[in-house]
Amino acid sequence: MTGVQPQSLHFKERAAAELANTQLQSNMRRFGGRFVAARAKVLHELGDFEGMRTAAAAARDRALADLDVWIERFEREATRRGATVLFAETGAEVADLVLELCRRHGVRKVAKSKSMLSEEASLNQRLASAGVQPVETDLGEYILQLAHEPPSHIIAPAIHKSTEQIADLFVKAHGRARTLDIPQLTREAREVLRGHFLTADMGISGGNFLIAETGSLALVTNEGNGRMVTTLPRVHVCITGIEKVLPTLEDLSLLMRLLPRSATGQSISNYFTMVTGTRQPGDRDGPDHMYFILVDNGRTNLVGGDMQEMLRCIRCGACMNHCPVYQTIGGHAYGWVYPGPMGSVLTPTFIGLENALDLPHASTLCGECGVVCPVKIPLPELLRKLREQQVDRGLRPKSEMLGIRVWSWLALRPRLYALATRIAARYLRFQGGGRRMIRHLPFGAAWTRGRDMPAPAGKTFRELFAKKNGAG
Amino acid sequence: MRVGLFVTCLVDLMRPSIGFAALRLLEAAGCEVVVPPAQTCCGQPGYNSGDRASARALACKVLDEFERFEYVVAPSGSCSGMIRTHYPDLFRDEPVALERVRALCAKTYELTDFLVNVAGLQEAPGTFDGRVTYHDSCSGLREMGVRAQPRALLAKVAGLELLEMKDSTTCCGFGGTFAVKFGDVSAAMVEKKCENIAASGADAVVLGDLGCMLNIEGRLRRRGDDRTRVLHVAEVLAGERHD
Ligand code: SF4
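As you go down the protein sequences, you meet chains A and B in turn. Each step along the first sequence adds one to the number in our numbering, with nothing skipped, and position 342 is 342. Each step along the second sequence adds one to the number in our numbering, with nothing skipped, and position 57 is 1057.
Each hint should be verified, as a subset may be incorrect.
Derived BS3-like pairs (lysine-lysine); straight-line CA-CA distance at most 25 Å [said to hold, decoys possible]: (1) K12(A) with K459(A); (2) K41(A) with K1166(B); (3) K1061(B) with K385(A); (4) K1166(B) with K1107(B); (5) K1061(B) with K459(A); (6) K376(A) with K41(A); (7) K385(A) with K398(A); (8) K172(A) with K109(A); (9) K1166(B) with K1156(B); (10) K1107(B) with K12(A); (11) K385(A) with K1181(B); (12) K12(A) with K385(A); (13) K398(A) with K1181(B).
Treat the hints as calculated values from the structure; they're not laboratory data.
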């Protein structure tokens, strides 16, 4: 496994740092709920949302059940239309392939639209060290490239940045007067990027979907940079996961009804682009060379296993938009490419359970992610299964396992349990003092650091009930 | 109607008034209520920690103790949700037990859901002088479909005015062991909940799960709010005081 150096082992420390980061906290609060509210407003347009989710999940399962067949079909159709389909098993291989293509076509500059896969592959670092200049053209990604930071959200990568922070970055990079006017900032980025589009030798895009029956790439963007990247440079390389292949255009239209609505609360994204094949005689634009790099990077391991449903994911981001944990700490705390609930499932599956010990637990299991996911991925269930796998592999701390086992052992012995709870109820009642609030819990310092623990009444229900009934 | 009352381990230990309130409400609705005396815990702590064996052992105990009743009711969306939505998973490879578990699931209810949709409680014995806001606890809301039921019942309480807070359905940050594993993240989450409660202008926040109550009350007091009361919906409906 290569790619962005995973920091997921340090979730707790990273989350603590983000909680203490007042700038981030104010940025997250500003963002909080914007996509949620927008999504809530447009869902009714779908009529039977639940029915559509069920259909979408079934469509995804159908595609995944015969994925190899659809990939072959895609390869055939895309090749027929002048494109070349390549396969990469790891992130490192993605970068190897891209560098090889750069050499073959004499590429000095690459214009990129958003691609999370290129994050998995640490592509920008690899390109730069080979002397090829990568330029991010998605506004959010462009900002992060200036800030030397990874994305913190899969569709709104710079959501953790404030306008002020962006203005400062632009002053440094563009040397123009500082402005906080968002349209003005956008115009500035646009003017700088325009030159890059025209001088780039290669365009790299992600791919929201690939269509097997036509060999097409479907791109969903809000800034139109996807169109520039796929049409202006001589060479276009699309990098995406193998699971993104859909059998038919019909599947695409179903998923497209759900994707923008679930993601940003738009009925349709500002741009929706289908790219099919290289430039043909008579075409006014389009690349001379077109490549698809289909990436595995751990995905086939999910097929047929406990986590298979995760492959349905269409990367809409709804689960993180609705996740109260994500909303509180932001995306960087998760420590690898994918944050939020989907990231907490994907990261341990991709980089190894032992390298992301906290992530399956970084959820209250409130269930909201599972409710909003447009392809019905049971995210809380998957997180729980990962917890089970951790226990089976002996990856949880001994103290934690001991605590759970002592509790269960006791709860299976009602007489002993009654005694223990009577003692606990009295002890904690005493700890609570006159205010009936415990300020320092002996075995729960993490609880009482940020809040009190209300003291119990002092007697258990079972003893009070027995007394009452005995007396009555 | 013969109802087995599953008190829940947290209510047993921390706040018995909720158990007595549930008892009174079920009786007011005309049920014959039995409290199996050896009951303890539904097994959720083990289940959510990835320890299936512990969870399964406790699930067997609950099954043995409660399957004889016509209905099983708990004053908690979390524990009733554990039984109804998660027990089948624990027995997925045991066809015989699974059948018994399915039967148990079908008759297991969260208290307010049961009072409204099965028992048809007409009047609430309690009275309350003031304004309350209702927090929708996660499992009750998303696993048991509890949303309108408690509000419909609260509307029957004389003197009570219900105000909706912002984001009432957002998790309070409790999450069982989450609150101790990630205490600081959890505290930041419950802080937002407390802000919304305070902004609602209510005198009390009412909810249906004791775990969330402890979390919310603990944070309210820590941030210096000694005024806003934190009450279980059963306590309010039954007029049962915790002290
Ligand atoms: S898991 Fe579901 S909600 Fe989350 S990004 Fe994927 S499709 Fe969207």
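Hint by hint, here is what the structure shows:
1. A hinted pair counts as satisfied when its Cα atoms are at most 25 Å apart, and K12(A) with K459(A) does not qualify at roughly 36 Å.
2. Note on K41(A) and K1166(B): the hinted pairing holds, with a Cα-Cα distance of about 16 Å set against a maximum of 25 Å.
3. Taking the CA atoms of K1061(B) and K385(A), the gap is about 23 Å. The hint holds against a cut of 25 Å.
4. A hinted pair counts as satisfied when its Cα atoms are at most 25 Å apart, and K1166(B) with K1107(B) does not qualify at roughly 33 Å.
5. For the hint linking K1061(B) to K459(A), the alpha-carbon distance of about 24 Å falls within 25 Å, and the restraint holds.
6. Taking the CA atoms of K376(A) and K41(A), the gap is about 20 Å. The hint holds against a cut of 25 Å.
7. At most 25 Å may separate the alpha-carbon atoms for a hinted pair to count; K385(A) and K398(A) meet this at roughly 19 Å.
8. Taken as a hint, the K172(A) and K109(A) pair is honoured in the structure, with Cα atoms around 22 Å apart against an allowance of 25 Å.
9. For the hint linking K1166(B) to K1156(B), the alpha-carbon distance of about 23 Å falls within 25 Å, and the restraint holds.
10. Annotation: proposed proximity of K1107(B) to K12(A) is violated, straight-line Cα distance about 41 Å (limit 25 Å).
11. A C-alpha spacing of about 18 Å is found between K385(A) and K1181(B), which places the hinted pair at or below 25 Å, so the restraint holds.
12. Between K12(A) and K385(A) the alpha-carbon distance is near 21 Å, which keeps this suggested pair within the 25 Å criterion.
13. With a CA separation close to 14 Å, the supplied pair K398(A) and K1181(B) stays within the 25 Å bound.
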